[in-house]
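> Line order of the protein sequences matches chains V and X.
The working numbering applies: residue 1 is where the first sequence begins, and numbers increase by one.
The working numbering applies: residue 292 is where the second sequence begins, and numbers increase by one.
If you are wondering where the hints come from, they were derived from the structure by calculation, not from laboratory data.
Honestly, I wouldn't trust all of these hints.
[What the hints assert, rightly or not] Distance condition first, Cα-Cα at most 30 Å in a straight line; then the derived DSS-like pairs of lysine-lysine:
id : chain 1 : residue 1 : chain 2 : residue 2
1  : X       : Lys457    : X       : Lys399
2  : X       : Lys479    : X       : Lys509
3  : V       : Lys190    : X       : Lys457
4  : X       : Lys499    : X       : Lys509
5  : X       : Lys499    : V       : Lys184
6  : X       : Lys457    : V       : Lys283
[Said to hold, decoys possible] Beta-carbon label-pair distances, calculated as ranges:
id : chain 1 : residue 1 : chain 2 : residue 2 : range
7  : X       : Ser449    : V       : Thr284    : 48 to 54 Å
8  : X       : Arg424    : V       : Val84     : 24 to 30 Å
9  : V       : Ala31     : X       : Ser490    : 56 to 62 Å
10 : X       : Phe327    : V       : Phe273    : 53 to 59 Å
11 : X       : Gln426    : V       : Ala31     : 32 to 38 Å
[As the list claims (entries may be wrong)] Taking beta-carbon pairs under 8 Å as the criterion, some of the chain X residues facing chain V (in silico):
id : residue
12 : Asn365
13 : Glu396
14 : Arg398
15 : Met403
16 : Lys407
17 : Phe411
18 : Gly422
19 : Ile425
20 : Ile428
21 : Glu431
22 : Ile434
23 : Lys479
We put the beta carbon where it would ideally sit given N, CA and C, even for glycine.
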Amino acid sequence: MRIKEKIIEKILAACALVTVLTTLGIILILAIEAFSFFGKVSIVEFFTSTQWTPLFTQKSYGILPLLSGTALTALIAITVALPVGIIIAVYLNEYAPRRVRKILKPLLEILAVVPTVVYGFFALMIVTPILQSFIPGLSGFNALSPGIVMGIMIIPFVSSLSEDALSSVPDSLRQASFGMGSTKFQTAFKVMVPAASSGIIVSAILAISRAIGETMIVAIAAGSQPRFTFDPMVPIQTITSYIVQVSMGDVPHGSIAYQTIFAAGITLFIFTFILNNISYWIKTRYQQKYE
Amino acid sequence: MESETKSPKATQEKTEPKMDSKSQNYKLHAKNIDVFYDDFKAINNISLGILEKSITAFIGPSGCGKSTFLRLFNRMNDYIDGFSMNGNILLDDKNIYDPDLKVEELRKTVGMVFQKPNPFPKSIYENVAYGLRIQGIKDEDFIEERVITSLKQATLFSEIEDNLDKSALSLSGGQQQRLCIARALAVKPSVLLMDEPTSALDPISSGKIEDLVHELKKDYTIVIVTHNMQQAGRVSDNTAFLYMGSLIEYGDTQKIFTNPEKDRTQNYITGRFG
Chain V
1 MRIKEKIIEK ILAACALVTV LTTLGIILIL AIEAFSFFGK VSIVEFFTST
51 QWTPLFTQKS YGILPLLSGT ALTALIAITV ALPVGIIIAV YLNEYAPRRV
101 RKILKPLLEI LAVVPTVVYG FFALMIVTPI LQSFIPGLSG FNALSPGIVM
151 GIMIIPFVSS LSEDALSSVP DSLRQASFGM GSTKFQTAFK VMVPAASSGI
201 IVSAILAISR AIGETMIVAI AAGSQPRFTF DPMVPIQTIT SYIVQVSMGD
251 VPHGSIAYQT IFAAGITLFI FTFILNNISY WIKTRYQQKY E
Chain X
292 MESETKSPKA TQEKTEPKMD SKSQNYKLHA KNIDVFYDDF KAINNISLGI
342 LEKSITAFIG PSGCGKSTFL RLFNRMNDYI DGFSMNGNIL LDDKNIYDPD
392 LKVEELRKTV GMVFQKPNPF PKSIYENVAY GLRIQGIKDE DFIEERVITS
442 LKQATLFSEI EDNLDKSALS LSGGQQQRLC IARALAVKPS VLLMDEPTSA
492 LDPISSGKIE DLVHELKKDY TIVIVTHNMQ QAGRVSDNTA FLYMGSLIEY
542 GDTQKIFTNP EKDRTQNYIT GRFG
């Protein structure tokens with residue numbers, strides 16, 4: 001029996017190890033290829049040049065256009081998702097009867113499991129034309145439309161985590177607020193939301209991180225023109241959609257063009273890694289300790 | 292006024308203090324109160340009047356309904372699922388369960404201090420200013436003046452005057468509770484409800500709160516729930532003894548503690564049960 005238990009334990013540990021090794025493997029490959037890339041392209045150019053044209057004859061390797069595209073779409077997304085997500089969380093936690101909450105919560109999670117390719121076409125075929133009807137200068141491909149749709153997609157990230165944060169605020173604070181003569185609205189936004197602020201910030205960061213990594217929506221609806229701009233009306237390209245574009249093209253293995261994927265990939269990885277760590281740090285450092 | 296009473300019981304009439312005074316003299320007057328949580332009857336036909344600028348203690352074993360009864364006076368039970376009640380409660384002769392009455396307004400008149408100190412995770416200053424801010428008061432000088440007066444009233448000011456911007460959560464438990472009292476006082480209520488305000492505190496902090504309560508009696512009508520017999524005896528003018536949702540005995544604190552009319556009261560205050 002003892003041997004059998006030992007074997008089972010080893011198998012379970014091996015399963016856990018697979019995920020760790022996969023992560024390490026990805027990082028390793030990203031690092032090796034990126035290292036080789038930076039042997040050929042100066043890291044200074046990579047982070048300062050405002051041109052990204054690795055696939056053209058006139059080659060330039062400045063990541064800034066891709067970064068600006070990524071930041072812009074993520075910013076639009078969180079601008080949509082944060083207020084809506086917080087309002088939903090407040091509604092669920094402070095206003096909704098228990099029965100409504102039970103139905104609404106899982107329904108909301110569905111937003112997060114819609115395949116992103118569906119969102120991408122939704123952005124391109126429906127949202128962009130609607131926006132164009134009252135924003136005349138908007139191009140067919142732009143940052144605004146996929147940004148908004150991405151915002152809708154990440155609403156559940158914000159609302160779900162914010163709701164957790166709100167529900168962990170002790171009822172005694174709600175009572176104190178009501179006892180002072182606050183209305184429900186005042187209680188929700190002057191006491192509960194501030195008291196849950198660290199959790200809400202964490203939810204926003206994780207949602208941003210998700211938006212930065214999102215690929216299909218931007219690949220379909222944002223165009224594929226790396227452009228160093230923060231104008232939401234024109235076609236742009238994000239890091240992820242660049243990676244898609246090159247991976248699906250016929251770039252020869254080992255070429256610089258091929259290695260740009262890894263350089264862009266490791267940049268993306270570093271950014272989301274930093275964001276996730278910040279959120280983890282906020283969570284452990286600032287989470288209110290309630291008895 | 293007694294004509295409104297549906298089924299006056301002789302025993303209850305006897306339990307009201309100073310029966311010669313008319314009900315108009317009561318600051319708070321509960322009339323024939325029943326409270327239900329779904330099917331469970333938590334309060335059973337209690338009538339009782341509370342005089343202005345007095346301290347009234349509600350005592351009784353856990354689950355006797357004393358907290359429920361207290362929370363009727365600022366309608367804090369309204370949020371509890373399954374809560375329903377009969378009877379009415381008059382504050383200055385106005386029914387506080389009148390459908391036209393704004394609960395928020397009532398709670399500005401009837402302040403509350405809870406069992407566990409529950410300051411907001413804001414600065415000391417903002418905690419006390421909260422009640423004024425939600426009323427839409429913008430005059431910062433006025434707010435500051437009120438905050439300082441309230442903190443002084445709650446005998447907290449001298450301990451924290453240089454640290455008004457510090458988080459309220461950094462205060463000790465006893466200081467937090469006095470902060471909560473200051474917070475309640477800042478909106479100038481006329482009644483203060485205290486739900487076992489010292490049960491989470493050490494004896495020294497409790498003593499400070501008791502002294503404070505005594506001091507506040509000059510300006511406020513105070514109703515205090517406590518399971519601490521000595522505390523009830525020390526601070527209150529009148530004491531109501533509740534048992535299983537019924538008012539067993541109500542009257543002058545000295546009399547209740549030295550010469551109660553009911554055996555059950557006698558047994559409880561001498562510690563034979565509870």
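> Next, verify each hint and record whether it holds.
Going down the list of hints, with the structure as the test:
Under the criterion of a C-alpha separation no larger than 30 Å, the hint pairing Lys457 of chain X with Lys399 of chain X is consistent with the structure, at around 26 Å. A hinted pair counts as satisfied when its Cα atoms are at most 30 Å apart, and Lys479 of chain X with Lys509 of chain X qualifies at roughly 13 Å. Between Lys190 of chain V and Lys457 of chain X the alpha-carbon distance is near 18 Å, which keeps this suggested pair within the 30 Å criterion. Taking the CA atoms of Lys499 of chain X and Lys509 of chain X, the gap is about 17 Å. The hint holds against a cut of 30 Å.
Restraint check for Lys499 of chain X and Lys184 of chain V: the C-alpha separation of about 33 Å exceeds 30 Å, so the hint is violated. In summary, the hint linking Lys457 of chain X to Lys283 of chain V is supported, as the alpha carbons are separated by about 21 Å, within the 30 Å threshold. Checked against the given bound of 48 to 54 Å, the beta carbons of Ser449 of chain X and Thr284 of chain V, roughly 36 Å apart, lie outside it. A C-beta distance of roughly 26 Å is found between Arg424 of chain X and Val84 of chain V, which places it inside the suggested range of 24 to 30 Å.
Distance hint check: the CB atoms of Ala31 of chain V and Ser490 of chain X are about 59 Å apart, consistent with the given range 56 to 62 Å. A C-beta distance of roughly 56 Å is found between Phe327 of chain X and Phe273 of chain V, which places it inside the suggested range of 53 to 59 Å. In this structure the hint that Gln426 of chain X and Ala31 of chain V lie 32 to 38 Å apart at CB is violated, the actual value being about 59 Å. Interface hint status for Asn365 of chain X: upheld, as the beta-carbon distance to the closest one in chain V is roughly 7 Å, under 8 Å.
With a least beta-carbon distance of about 7 Å to chain V, the hint placing Glu396 of chain X at the interface is held under the 8 Å criterion. For the restraint placing Arg398 of chain X at the interface with chain V, the shortest Cβ-Cβ distance is roughly 4 Å, inside the 8 Å limit, so the hint holds. For Met403 of chain X, the interface hint holds, the least distance from its beta-carbon to any beta-carbon of chain V being 4 Å, beneath 8 Å. Taking 8 Å as the C-beta contact cut-off toward chain V, the hint placing Lys407 of chain X at the interface holds, the least distance being around 6 Å.
For Phe411 of chain X, the shortest C-beta to C-beta distance to chain V is roughly 6 Å, which falls under 8 Å, so the interface hint holds. Interface restraint check for Gly422 of chain X: the shortest CB-CB distance to chain V comes to about 5 Å, inside 8 Å, so the restraint holds. About 5 Å separates the beta-carbon of Ile425 of chain X from the nearest beta-carbon of chain V, less than 8 Å, and the hint is met. Using the Cβ-Cβ criterion of 8 Å, the hint placing Ile428 of chain X at the interface with chain V is not satisfied: the shortest such distance is roughly 13 Å.
Residue-level restraint check for Glu431 of chain X is violated (minimum Cβ-Cβ distance to chain V is 17 Å; threshold 8 Å). The interface hint given for Ile434 of chain X is violated, since its Cβ lies 14 Å from the closest Cβ of chain V, which is over the 8 Å cut-off. Below 8 Å, beta-carbon pairs count as interface contacts, and Lys479 of chain X has none with chain V, the closest being about 12 Å; its hint is therefore violated.
Violation of the numbered hints given earlier is confined to hints 5, 7, 11, 20, 21, 22 and 23; the remaining hints are satisfied by the structure.
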